[in-house]
Amino acid sequence: MTDTRRNTKSGRTVGEKVQVRRDDGVVSGTIVEDFADSLIPGDRLGRDWAQPHRWAIALDTGVLVFVDDSDLDDSDTAAAR
Numbered sequence: 000m001t002d003t004r005r006n007t008k009s010g011r012t013v014g015e016k017v018q019v020r021r022d023d024g025v026v027s028g029t030i031v032e033d034f035a036d037s038l039i040p041g042d043r044l045g046r047d048w049a050q051p052h053r054w055a056i057a058l059d060t061g062v063l064v065f066v067d068d069s070d071l072d073d074s075d076t077a078a079a080r
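Under numbering that gives the first Met the number 0, think of the first position of the sequence shown as 0, with each following residue one higher.
Bear in mind the hints are in silico, worked out from the structure with no lab data behind them.
Derived CB-CB ranges, DEER-like:
(1) W48 with R20: 18 to 26 Å
(2) S69 with W48: 17 to 25 Å
(3) D72 with A35: 14 to 22 Å
(4) R46 with G10: 29 to 37 Å
(5) T60 with G14: 15 to 23 Å
Here are the computed lysine to aspartate or glutamate pairs in the EDC-like style, where the Cα-Cα straight-line distance is at most 16 Å:
(6) K16 with D59
(7) K16 with E32
(8) K16 with D73
(9) K16 with D33
(10) K16 with D68
(11) K16 with D72
(12) K16 with D70
Think of the CB as a built atom: it goes at the ideal place given N, C-alpha and C, for glycine as much as any other residue.
Using the sequences and the hints, build the whole thing.
Right under this line is the structure:
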């Protein structure tokens, strides 16, 4: 996953279908939680490991992943809006 946490101005909402970029390709899923209000900048967190992510996504495969805005593929969803 990427290390970007600055881009939190997304028009996405819980329940929205999204495409998530993973190491092995792009997979579909549904946003189940938005943690934007809980994000803490890395320098204030006091550690450089286990950084929080913005979104909880339930993949169509049944796996729950935590990602940031930069991990979401906008090519498909931009046309759907």
